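Novice: The chain contents come next:
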Amino acid sequence: MRIKNNIICACLMLMALIVGNVYASPEIQSWRTEQGAKVLFVQNKMLPMVDVRIVLDAAGSRDGELPGLAKLTNGLLAEGAAGKDAQELAERFESVGAQFSNDSLRDMAYLGVRTLTDEQYMLTAINTLADVLIRPDFPQDAFERELARMKVAWEARKQSPSDIAEEAFFKAVYGEHPYAFPAGGTEQSLESITLQDIEAFYAEYYVASNATIVIVGAIDRKTAEEIVITTIGSLPAGKKPDPLPAVPELAEAKTVKVDYPSKQSHVHVGQPGMKRNDKDFFKLYVANHPFGGSGFASRLVQAIREDRGLAYSVSSYFSPMRETGPFMMSLQTRADQADEALSLLQSELDTYVANGPDKDELEQSISNITGSFPLGLDSNSKLLGFLAMIGFYDLPEDYLDTYIDNIRKVDRNDIKDVLKSRIAVDNMVTVIVGNGG
Amino acid sequence: MRIYITLVAVVTLVIGLTLFVFITDKQPYDDNAETGIQSIVLKNGMKVIVQENRRAPVVVTQVWYKVGGSYEHDGITGISHVLEHLMFKGTTDTPAGKFSEIIAAHGGKENAFTSKDYTAYFQRISNEHLELCLSLEADRMRNLLLDEDEFLKEIEVIKEERRLRTDDKPTSLTYERFNAVAFVNNPYRKPIIGWMEDLDTMKIDDLRDWYQTWYAPNNATLVVVGDVRAKQVFALAKEHFGSLKTAEIPQLKPRTEVQQYGIKRVVVKAPARVPFLVMGYKVPVLNTSDIKDDIYALELLSGLLDGGNSSRFSRNLVRGSQIATSVGANYNMYALHDSLFTISAIPANDISMDDMEAMIIDQITALQDELPAEEELARVKAQVVASSVFEQDSSFYQAMKIGIMETVGLGWEIKDEYVDRINAVTAEQVQHVARKYFLEDHLTVAELIPQSTDIQSVVNGVATGEDHAH
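Heads up: the protein sequence lines correspond to chains V and Y, in order. As numbered in the numbering used here, residues 1 to 437 make up the first sequence, in order. As numbered in the numbering used here, residues 1 to 470 make up the second sequence, in order.
The shape of chain V in the complex, shown without the other chains (with noise of 0.2 angstroms):
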């Protein structure tokens, strides 16, 4: 078996740069508006609709003591605009059968419109989704139901032991850290948000020195350059937010123990990690694919799931995020199985980093990252996903054309250098949430 799947490999390697080298990222066209916002376009003729997203520095990250704020804020933008109601909004966009989007995660807010090309309705999609970004009026009625809402959502998460371990995680990795913080909001932080505190964030970040605005369909650099005007070229240009406080490095390790009456517990143990823009990124990326981070093939389901049939669902990332997002391994096991699972994650951590990859699965690896790149960039949405990443992140504009390479030149020694000075076994976070109640 061994020398068969060697060979396998060595032809895969070959494929591999056979196909890296035909396959043709696609063309980026990008700009910057007289305000300052970023544009990325890629003109796709194949289907007759384009999808436009615009993403901001205004999520969580920037809700400073009140959690949430962000969040309640990009979720009143369609709410009520321009004298228009939240059914108004919402007519005119699906009486043209165009597709509003938004949400506000931890780094990235963003808001868009799925439409058709026709030009009716491409007008009245892009009008709309204009009102909702530059002409939010954030009704008192409307303020208070979205209150009452994140109210309702964050009890939800309270009775879900995979989100209360993820909450626990990121409090104790980052203490007092903007990213500590839930985007949900805390039940303190929804009790004291108010509609001026909504009104000066908008007014504060959703300016067109923060925005990025990325476009792909099948539309002319003319009509890309209209929407651009009509949507992100009527923001203020306002001022780009200080950038966030670094993330100090854990001082030691730490266990976070909660009672929950599930029958799995459910077991995060992580650190910081890395940046989006870290000098090691590609290094650390393809360091944890064979780790946990491919599925099937990593050691952590073989040793986890497949070997002792202890989880349905183990894995390691890193979470790269503008300053340092966390570095997690993670399952969830029969509550009386937890100290055997978790034990086994430390063990085959310390082993990880110790020594690294095998060669084979070093290989394995960069065959699968590279071979299956083309699958990420098959459709508009996957490649509005990645446009809008490299836009929000400053990434370069080649990011896309170099990316194999980047991952090709990752070597052994690389990754056995950054596991030893990027991954501190001894100063880990570790949750477990659960215990059977």
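Rather than coming from a laboratory, the hints here were simulated on the basis of the structure. Bear in mind the structure is a predicted one, so any value in this text is a computation, not a measurement. For every residue, glycine included, the Cβ atom is placed at its ideal position computed from N, Cα and C. Keep in mind that the hints are not guaranteed to be accurate.
Chain V stretches covered by chain Y per the calculated footprint, using a threshold of three residues with CB under 8 angstroms from any CB of chain Y [as the list claims (entries may be wrong)]: (1) 152–162; (2) 320–329; (3) 379–386.
Covered stretches of chain V, going by a simulated chain Y footprint (3 or more residues, C-beta under 8 angstroms) [as the list claims (entries may be wrong)]: (4) 25–31; (5) 294–304; (6) 311–317.
Let chain V serve as the given structure and place chain Y on it in line with the hints.
Specialist: For chain Y alone, kept in the frame of chain V given last:
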């Protein structure tokens, strides 16, 4: 991960009528976007369906089997899903775990899903590896090892899956018990993942029987969508699947649901903090009804209630009266058996479940008493037409639709009727189906009543109380 899908979101499954858009659009489009669907049936009865699509040099392959939760009988619930997991546990040529390893090494993604009416296995991969996928799928269609040691480990994984997805999720638990009460003899009363007791007592021989019974080329459909030539796919399919032996596939008993003689209610008490309501009316589906107009009218009606933020539920219940935090409607017209038109809702703070239920019923009554406005119908239809274009953005979704319609016995051709049929639905037809099917005596209501979830935190051995807040 091996996943199972309880309610596949195929609410607005649509395709075709791209013409509608192209006529009014002046821009030139590449003429190779769609070249239609082609299919053949191999001599052993296996159907092969190909949709060419040159958007990217990749391909989606899916093998669909006509077996799933609704094929099972009491005592072995969950067996179709267990077998799905074991399909990755090896053949003589491809030992346990190698299937996933080989696909991964070729830059592919693969997985599988089990639903009430089907089990499917898929790969997404660079188009030059199509043959690799077909040869691996053909191998495990008839040559699965079904080793007992592998089974004993995997069944524990599946129990963990059940704990994760159902036992520790109060809304899932409520749905499970809702289905179990709504139906008496229709097989949809059983959970796809299976009752825990059935998982506890399942034996490898049960799996061997199940595999021998259902996994054969004459009970399977291959769907391929992507940058491939249909001719080439047909040739490869013949080469790899053509020599596989057929099996005698049992005829399913109809198990048509018996008459319901009055409203049914079920209460679920579980650790939770947010109450939850599920209501369901017995309804037919395309497969079980001769009156297709009724089915499309029900589909459009679900759009009136829950199609977007301008729909009646959002307008009247979330915004207007503000009795619900969220409320949705669901109808799967592509089920194999008679199904349920369900409404699920979370009450706003301080609103009683009784009040919320009464106001949801008011919405149903309004559909029975008054004709919906033409403008409202037009809005749902506009969304359907637009979605029929949007969904072509995903090859995987295209393949899913073909696979589902073929596997429940409708044939993929029926999807081309969808947009026309929906566009033809009248206000009178909507009122007609609301009066015909939304009868109190055919209603089941399930209610989640939250039980205490005291949370105690201990950090490095020191109690910090209940609070994770700022």
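Novice: Work down the list of hints and note, for each, if the structure agrees.
Specialist: Now for the hints, and whether the structure bears them out:
1. Three residues within the 8 angstroms Cβ limit are the bar, and the segment 152–162 of chain V against chain Y gives 8, so the coverage statement holds.
2. Taking a C-beta to C-beta cut-off of 8 angstroms, the segment 320–329 of chain V contributes 0 residues in contact with chain Y, too few for the three needed, and the coverage statement is violated.
3. Proximity of the segment 379–386 of chain V to chain Y, defined as three or more residues with a beta carbon under 8 angstroms from a beta carbon of that chain, is established by the 3 residues found.
4. Using a Cβ-Cβ cut-off of 8 angstroms, 0 residues of the segment 25–31 of chain V lie near chain Y, which falls short of the minimum of three, so the contact claim is violated.
5. Counting residues of the segment 294–304 of chain V whose beta carbon lies closer than 8 angstroms to any beta carbon of chain Y gives 5, which reaches the threshold of three, so the coverage claim holds.
6. Against chain Y, the segment 311–317 of chain V contributes 3 residues with a C-beta closer than 8 angstroms to a partner C-beta. That satisfies the three-residue criterion, and the hint holds.
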